[in-house]
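J.: Listed below, chain by chain, are the residues.
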Amino acid sequence: MEQKKTFYREFEVFSKRTPSSPFLHQFSLLAPNAEMAMVMAQENFMRREPVADIWVVERENIHGLSLEEKAALGRLDNKDYRETKGYGYLKKKWRYYQQKMFDEKEILSWSGGNKHD
Amino acid sequence: MSVLERELNEHEKLEQFIARIEAGDKIEADDWMPEEYRMALIKLISMHGISEIMGALPEKEWVPKAPSLRRKLGIMAKVQDEMGHGQLLLRVAEDLLKPYRKDRGDLMMDLFSGKLKFHNVFHMPAKTWADAGVIGWLVDGAAIITQTNMLNASYGPYSRALHRICAEEVFHAHHGESIIMALAEGTEEQKQMLQESLNGWWEALLMFFGPASSTTTGSSKQDVTIKYKIRTSTNEELRQSFFTKYIPRILSLGLTIPDPTLRFDEEQKVWIYQQPDWTKFKQIITNNGPRSQARLNLRRVSYENNAWVRDALSAASN
Amino acid sequence: MTELNITTNPENKAAVVSLLFQLADDDFLYSFRGSEWLGLAPHIEEDVASSSISQDSMGHAAMFYQLLEELGLDNADALAHLRPAKERRNSILVERQNGEGYYMDVPKYDWAFAVVRNYFYTAAKKIKIESLKNSSYEPLANVAVKVNIELYYHLLHWKTWFAQLLNSTEDAKQRMQAAIEQVMKDFGDVFSLGTEGEKMVEIGLIEEEKVLVQRWKEQLKPVFESLNLSIPEIPASPAANGRNFEHTEDLESAISTLSEVYRIDTAASW
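Residue numbers (full-length UniProt numbering), protein chains in the order written: chain A, 1 to 117; chain B, 1 to 318; chain C, 1 to 270.
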């Protein structure tokens, strides 16, 4: 791609607070190239918080939605079949079989490894 | 995707825009916006941004002179934040300027030509260390009041920048308070230094909020910014809020406010005060203040002196 | 490791004190020169980023002055602000002004000089701090471990500027070459340990000068090779050796600025 010769190229800065956290958008800065954007990113936007990783992305490489296209993000609120709340009746059923329901809280608690107790 | 629906005409776009603002929706850089809104934002935000950049100059004078290692560190961090706020705000302004094909270099040129103005307070001299404290305490205090007034601005990028800025302003306020507190509790000479600083800054602080109405100076952008929900309170409301918050604190430290007519009117529930000289205000903001030309010159010389750096790296940027 | 005896051995203590002053004064002046650039850097984002480096360096100076305070010398602020030029141990490299003009007027600072000085100085500081991590004086070794954490960024920052400018236009290359020459003229005392140097090495405070210089060159080698440049020679005998209190006039004016407010009333709380 033909790159206009300018010092003021636009980079969007993303960062992770901890190694396990997701990347979050911070802000944008001007820099002549990605390497320079990278050496300025942390001190411009994350001077007072921990940082585990940084991405700088030249803005022209980001594809977004226009105001009209954002209309495509709308949807109806009729999709409880996708969610646990659509299956709430199971709790009662399992109780009938004298079993506990494996709900979200229970399932996510297995992250520490399954113990037989 | 616009093929799915017919293009809205200008009038419908405006109606949709107003409806979004009324509903508390945030306008983004690439969204359609009326020219009046874009122009008001550009004027407001580029002035706000360049004021931060110019505002770094009076305070940086005191960085090497700060009277302890800790003070040197504190004020260095503060000046850094001012430049950082300038960065955030200029980025917001630069995105709004895209349809006009203008970039940061053009904003600097507008500053040098006098087309882009900066806040009255940054045209004033910072003569003593107490001024460094009063700038942090009261000038930043005034800035916090005007900036929090726009935290929920209808323009999303500005609102997000202000959220970052206001969080740091809290540090600035404490930094300033720490400096003036040491002076207020210090030797007679230190106390006097602080009082003289307050005397010197009082009028500039009143001017900071701008004239109460356009009749005072012939122009005011406050009406347009309120109409488009960029801000909520008027200049005078903000000034009154500053009085209410800061006058008791100033007096509690044993300082005298250099306005014998200043009083709170219980009936009208407003502060009565000596109006600053608004003719002088106009002079100051048109770059005829005590330090206007010197600071502009410093900014211009350093910008030009470093031009080779920007040229070198833009040529190499492929 | 047996503990270094500084309580009953005055020569050992003098060596520790001398080294700490070298380190403290270096960073104090280096940070000051950086702070004069505030608001005047070639790019706003860079102004913000390099300010952090000046702050970090002032923080390092404060830690070194604190170690001196703990050794029973004056308090850290007095040590930083009140000592005249003839008692300072910093390298003349860091006392040199940034370019033409006083920072309170309309200075014309030289970004090429800033980049080269900062890069070469930071590379030297990194080598010294690495050596100090194993210092026989434990409080210093502990501080070195902390300081080292922030040097990765400082080094990356200035290395990036150095390499990019030397890889750009002819104009920039010429300015950078001139800056390299200018910086090297003052580089003779950077690794000098001064008159107490032998004692410092003997009691294991830090490694000897020629070892440090060699490592500095090794460190710069890949960068210089990628730019097709040869590593400049450090002058064998420095024009002035700041470690032995030899300084330029630039230091006098720097100290008078740095202590202007502090000196109004040294007993007052500021």
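If you are wondering where the hints come from, they were derived from the structure by calculation, not from laboratory data.
Be aware that one or more of the hints could be misleading.
[As the list claims (entries may be wrong)] One side of the interface only, derived from the structure: several residues of chain B facing chain A at Cβ under 7 Å:
no.	residue
1	D103
2	R104
3	T187
Backbone N, C-alpha and C fix where the C-beta goes; we use that ideal spot for every residue, glycine too.
J.: Against chain A, with CB atoms and a cut of 7 Å, does the hint on T187 (chain B) hold up?
T.: Status violated, d = 34 Å.
J.: Hint D103 (chain B) vs chain A: min CB-CB distance below 7 Å?
T.: holds (5 Å)
J.: Would the stated hint for R104 (chain B) survive a check requiring a Cβ distance to chain A of less than 7 Å?
T.: holds (6 Å)
In this structure, the one hint that does not hold is number 3.
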